[in-house]
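Peer 1: If you want the building blocks of each chain, they are given just below.
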Amino acid sequence: MIYDYAIIGGGVVGSAILNKLTRLGKKCILFEKSDDVANGTSKANTGLIHAGFDAHEGTLKARLNVEGNKLFPKLCKELFVPFKQNGAIVVGTDLEKIKNLYARGTKNGVSNMQILDQPTLKQLLPNLNDKLTVGLLAKSAGIVSPYLFTIALAEESVLNGSKVVLNYEVKRAQFTGTHFRITNNIEEFDAFWIINATGAQYNSIAKLLHSETYPIKYRIGEYYLLDSLVSPITKYSVFPLPTATSKGVVITPTIDGNILIGPNATDISDYSTATSVSGLNEVKEKAKEIFSNIPFNKNIRNFAGVRSIVGEDFIIEKSKRVQNVINIAGICSPGLTSSPAIANYVAFDLLGLKNKEKEMKRRTPIETIRDKTPEQINAMIKKDKNFGKIICRCECVSLAEIIQAIKSPLKPTSVDAIKRRTRAGMGRCQGNFCMAKVMETFDKEKNVSFDNVAKENPQSKIIIGEIKG
Amino acid sequence: MLNYDVIVIGGGAGGMAAAIESDKTGAKTLLIERDDKLGGILNQCIHNGFGLHYFCEELTGPEYANKFEKKLAKTKVDVMLNTFVKKIDGKNITIVNENGCQVVTAKSIVIAMGCREKTAGSINLAGTRPVGIYTAGQVQRMVNLYGKMVGKRVVIVGSGDIGLIMARRLTFEGAKVLMVAEIMSFTSGLSRNVQQCIKDFNIPLLFNTSITRVVGTDRVEGVYYAPVDEKYNICGREKYIKCDCVILSVGLTPETSIIENLKLNPVTNGAFVNEYRELIDEKGVFMCGNNLHVHDLVDNVSIEGEIAGHNAGLNALGKLKHGKAYNVKFGDGIRYVLPSIVFGGKNEEVTINFRVGYKIVKKFIVAYVNGKLVNKKYCMSLNPGEMQSISINKDFIDGDIEVKIVDGGFLGMGV
Numbered sequence: 193m194i195y196d197y198a199i200i201g202g203g204v205v206g207s208a209i210l211n212k213l214t215r216l217g218k219k220c221i222l223f224e225k226s227d228d229v230a231n232g233t234s235k236a237n238t239g240l241i242h243a244g245f246d247a248h249e250g251t252l253k254a255r256l257n258v259e260g261n262k263l264f265p266k267l268c269k270e271l272f273v274p275f276k277q278n279g280a281i282v283v284g285t286d287l288e289k290i291k292n293l294y295a296r297g298t299k300n301g302v303s304n305m306q307i308l309d310q311p312t313l314k315q316l317l318p319n320l321n322d323k324l325t326v327g328l329l330a331k332s333a334g335i336v337s338p339y340l341f342t343i344a345l346a347e348e349s350v351l352n353g354s355k356v357v358l359n360y361e362v363k364r365a366q367f368t369g370t371h372f373r374i375t376n377n378i379e380e381f382d383a384f385w386i387i388n389a390t391g392a393q394y395n396s397i398a399k400l401l402h403s404e405t406y407p408i409k410y411r412i413g414e415y416y417l418l419d420s421l422v423s424p425i426t427k428y429s430v431f432p433l434p435t436a437t438s439k440g441v442v443i444t445p446t447i448d449g450n451i452l453i454g455p456n457a458t459d460i461s462d463y464s465t466a467t468s469v470s471g472l473n474e475v476k477e478k479a480k481e482i483f484s485n486i487p488f489n490k491n492i493r494n495f496a497g498v499r500s501i502v503g504e505d506f507i508i509e510k511s512k513r514v515q516n517v518i519n520i521a522g523i524c525s526p527g528l529t530s531s532p533a534i535a536n537y538v539a540f541d542l543l544g545l546k547n548k549e550k551e552m553k554r555r556t557p558i559e560t561i562r563d564k565t566p567e568q569i570n571a572m573i574k575k576d577k578n579f580g581k582i583i584c585r586c587e588c589v590s591l592a593e594i595i596q597a598i599k600s601p602l603k604p605t606s607v608d609a610i611k612r613r614t615r616a617g618m619g620r621c622q623g624n625f626c627m628a629k630v631m632e633t634f635d636k637e638k639n640v641s642f643d644n645v646a647k648e649n650p651q652s653k654i655i656i657g658e659i660k661g
Numbered sequence: 003m004l005n006y007d008v009i010v011i012g013g014g015a016g017g018m019a020a021a022i023e024s025d026k027t028g029a030k031t032l033l034i035e036r037d038d039k040l041g042g043i044l045n046q047c048i049h050n051g052f053g054l055h056y057f058c059e060e061l062t063g064p065e066y067a068n069k070f071e072k073k074l075a076k077t078k079v080d081v082m083l084n085t086f087v088k089k090i091d092g093k094n095i096t097i098v099n100e101n102g103c104q105v106v107t108a109k110s111i112v113i114a115m116g117c118r119e120k121t122a123g124s125i126n127l128a129g130t131r132p133v134g135i136y137t138a139g140q141v142q143r144m145v146n147l148y149g150k151m152v153g154k155r156v157v158i159v160g161s162g163d164i165g166l167i168m169a170r171r172l173t174f175e176g177a178k179v180l181m182v183a184e185i186m187s188f189t190s191g192l193s194r195n196v197q198q199c200i201k202d203f204n205i206p207l208l209f210n211t212s213i214t215r216v217v218g219t220d221r222v223e224g225v226y227y228a229p230v231d232e233k234y235n236i237c238g239r240e241k242y243i244k245c246d247c248v249i250l251s252v253g254l255t256p257e258t259s260i261i262e263n264l265k266l267n268p269v270t271n272g273a274f275v276n277e278y279r280e281l282i283d284e285k286g287v288f289m290c291g292n293n294l295h296v297h298d299l300v301d302n303v304s305i306e307g308e309i310a311g312h313n314a315g316l317n318a319l320g321k322l323k324h325g326k327a328y329n330v331k332f333g334d335g336i337r338y339v340l341p342s343i344v345f346g347g348k349n350e351e352v353t354i355n356f357r358v359g360y361k362i363v364k365k366f367i368v369a370y371v372n373g374k375l376v377n378k379k380y381c382m383s384l385n386p387g388e389m390q391s392i393s394i395n396k397d398f399i400d401g402d403i404e405v406k407i408v409d410g411g412f413l414g415m416g417v
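From first to last, the protein sequence lines are chains A and B. Using the working numbering, you'd call the opening residue of the first sequence number 193 and step up by one each time. Using the working numbering, you'd call the opening residue of the second sequence number 3 and step up by one each time.
No lab work stands behind these hints, which were simulated from the structure alone. Worth double-checking, as some hints may not be accurate.
Dumping the calculated BS3-like pairs for lysine-lysine here, alpha-carbon to alpha-carbon at most 30 Å [as the list claims (entries may be wrong)]:
#1 Lys291/A / Lys427/A
#2 Lys154/B / Lys638/A
#3 Lys331/A / Lys299/A
#4 Lys660/A / Lys69/B
#5 Lys331/B / Lys348/B
#6 Lys39/B / Lys78/B
#7 Lys629/A / Lys88/B
#8 Lys321/B / Lys331/B
#9 Lys265/B / Lys564/A
#10 Lys276/A / Lys427/A
#11 Lys154/B / Lys109/B
#12 Lys636/A / Lys201/B
#13 Lys480/A / Lys233/B
#14 Lys154/B / Lys629/A
#15 Lys285/B / Lys564/A
#16 Lys653/A / Lys30/B
#17 Lys564/A / Lys109/B
#18 Lys244/B / Lys154/B
#19 Lys78/B / Lys285/B
#20 Lys355/A / Lys219/A
#21 Lys490/A / Lys89/B
#22 Lys361/B / Lys490/A
#23 Lys548/A / Lys218/A
#24 Lys154/B / Lys30/B
#25 Lys30/B / Lys88/B
#26 Lys244/B / Lys660/A
#27 Lys241/B / Lys476/A
#28 Lys480/A / Lys427/A
#29 Lys314/A / Lys291/A
#30 Lys265/B / Lys480/A
#31 Lys26/B / Lys89/B
#32 Lys361/B / Lys653/A
#33 Lys321/B / Lys564/A
Build out the structure end to end from the sequences listed, making use of the hints.
Peer 2: So this is what it looks like as structure tokens:
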């Protein structure tokens with residue numbers, strides 16, 4: 193069987209393309225080298241759906257940002273992914289710069305923007321530092337869980353006939369004259385087209401395909417994630433004025449009720465998601481310039497994501513060097529926002545597909561008890577008593593939810609994959625209480641034995657041996 | 003709606019003691035526990051040293067818990083295991099177990115849900131986030147209850163008691179504990195643990211040392227560490243040590259997240275209570291044990307649980323009397339006092355718990371009321387890691403109390 197399209201890379205862009213091509217009735221396969229989708233930059237970003245006033249006019253970034261922003265509400269509804277259009281506010285002291293952003297946004301096709309004077313700013317952001325006097329409100333900006341969105345795109349694709357192969361690192365892709373034979377030296381697959389959506393690893397796959405390589409600059413962004421109990425400092429996603437290198441350190445509520453602070457933007461020579469003492473301090477200092485009273489002592493997690501940057505714009509093109517290859521590189525911010533639009537661009541502008549979208553079988557989101565009333569929870573428990581057994585105390589995740597996650601379409605096998613699907617381990621105790629229970633559940637469900645459960649990739653097994661005793 | 007006189011949330015050391023005392027007052031009592039057995043954290047503390055004060059015996063954690071379970075079994079207390087408290091709203095408690103979800107209510111509630119461990123996020127541990135980074139209690143549970151090892155070459159961050167205990171435990175099970183890195187200039191753990199777990203095993207204990215970052219992609223490969231000054235700024239060269247496991251013993255914090263809008267003491271991260279262990283801001287709600295302030299000795303947790311349970315029972319039966327309320331204040335060098343409010347009375351003593359902020363040597367702890375000295379206690383040496391107490395005869399309490407540290411030159415005259 194020869195697949196129409198093989199996508200290499202299970203990030204949000206690869207998964208969005210997989211989903212689009214599946215909807216267009218194509219036979220698709222996606223290869224992801226790690227144990228789960230969204231394991232690269234797609235899980236380590238700010239989760240913002242940008243309005244589009246920041247990207248420079250005339251760029252692909254600007255066009256796809258604004259298009260993507262418009263596609264998000266309907267897409268998230270179809271995928272059963274929570275999405276909130278909470279609005280973004282850029283704050284500063286320089287009215288000219290704010291007006292420039294407004295003008296750029298208008299040129300890019302952004303609507304629902306408003307320049308805010310100081311009294312209005314103070315009304316919308318009561319905790320804002322007094323020295324910040326002007327703002328730009330963009331009502332079309334929103335927040336989403338970037339990894340849940342990626343997972344949902346991939347799951348829906350699998351439910352509709354496409355294939356996702358995890359733990360598959362493409363080693364060779366030989367063009368036979370009519371199609372590619374793709375192998376990881378263990379298992380082979382055939383496909384007419386290859387789409388290289390491997391993010392940070394773009395060049396290693398491009399070399400393998402003999403397609404164009406690009407000079408990729410890696411720029412790390414570090415974050416603080418605060419306890420969900422902290423009173424919301426802001427309802428809006430708050431930005432400083434952007435610089436040449438980045439949109440700046442943002443303070444935003446997340447869709448799950450935490451406060452997320454970051455990222456900074458430091459160039460690094462080799463790919464690494466390591467945070468640093470100096471980087472985290474930089475994020476803290478910059479955030480304090482916007483809200484001086486952020487309770488950093490309620491931090492529950494620090495993490496970092498790496499942007500892959502190629503020049504000033506996205507690279508989304510048909511390879512000129514080899515046939516039947518699509519190159520996707522340098523998808524830094526606004527990559528998440530643009531992802532559905534990137535998928536459209538690949539499908540319609542590059543591949544020239546004209547098929548109508550088919551009726552899709554929808555994914556079933558995991559039923560949660562945390563947001564339900566006692567009556568609703570009671571009814572769920574009567575149906576399945578595993579809703580009454582609590583695995584993750586901090587995020588109130590029941591055993592039924594863990595089992596649903598284990599059985600979900602991508603068949604995850606790691607603790608972190610379950611964490612991203614259920615929130616078990618994302619709370620203030622960071623998996624201290626529930627990690628062993630999730631491992632026990634894998635064992636009971638006969639997916640992975642307790643001793644073989646990994647945190648992420650198969651090389652990250654948690655148990656290294658038995659006690660002597 | 004299911005209704006009790008007293009509901010105790012948490013079946014560990016504090017909760018069991020509270021439920022037993024509540025039952026003694028005649029109050030109809032329910033004890034709710036999320037695990038499939040009582041005992042709480044004691045179940046994983048298989049080392050001994052528990053009960054030296056309360057039972058005058060040296061018991062393991064499970065043995066100590068078992069003694070209370072036996073006492074509890076003789077009472078009329080209803081026990082619900084495998085039951086999770088989802089929400090506490092005043093005196094309405096939403097509970098979840100495999101039989102369903104319901105709201106239960108009581109005239110008094112005692113909250114004894116213990117504490118949780120501080121994490122890598124609490125200390126902003128930099129570097130990567132591979133497998134092999136755990137908290138000490140998490141490893142303790144893995145080793146003692148599951149019989150599994152999670153690392154062979156271990157670096158322990160923080161000299162809190164659990165880390166010290168695990169240094170010894172892991173060495174017994176064949177791991178190499180390379181060092182304990184403590185960021186402060188003193189340990190927060192008990193002196194006996196430093197001796198019995200670190201010095202006796204020749205494990206390096208480095209003070210004023212910070213782990214600056216973790217290295218490793220899939221698994222921990224090593225850590226960088228450096229000397230720090232008293233402001234925790236790096237003041238020396240970074241060194242690297244290869245290891246496959248980083249264990250954090252960086253402190254505990256009361257698990258108060260379930261109670262909405264609870265005003266917390268920023269020093270303890272626990273609530274403000276009066277001498278009955280009743281919340282100052284909400285009558286009829288009592289707290290005890292590590293849920294209120296982190297203890298060092300389970301014996302004191304039991305005693306505190308008894309105070310809370312006894313008074314919760316009296317409160318439910320309409321018999322709890324609140325005399326004239328006086329504030330308990332404290333001077334320099336003391337981190338906090340508990341309770342913050344005591345009531346006037348006759349012919350009885352009230353005990354004030356406190357912790358010092360730094361090691362004090364050859365000083366007096368004194369208690370004053372209205373400028374009168376009402377008690378003094380000489381201390382050869384007092385560590386922040388060891389909770390202390392001073393008792394005051396209520397006959398002398400006719401004003402606010404102040405607890406202070408004073409010099410040895412003091413001779414017991416009013417100042």
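Peer 1: Looking back at the hints listed earlier, which ones does the structure fail to meet?
Peer 2: Failing hints, ascending: 11, 12, 16, 24, 32 and 33.
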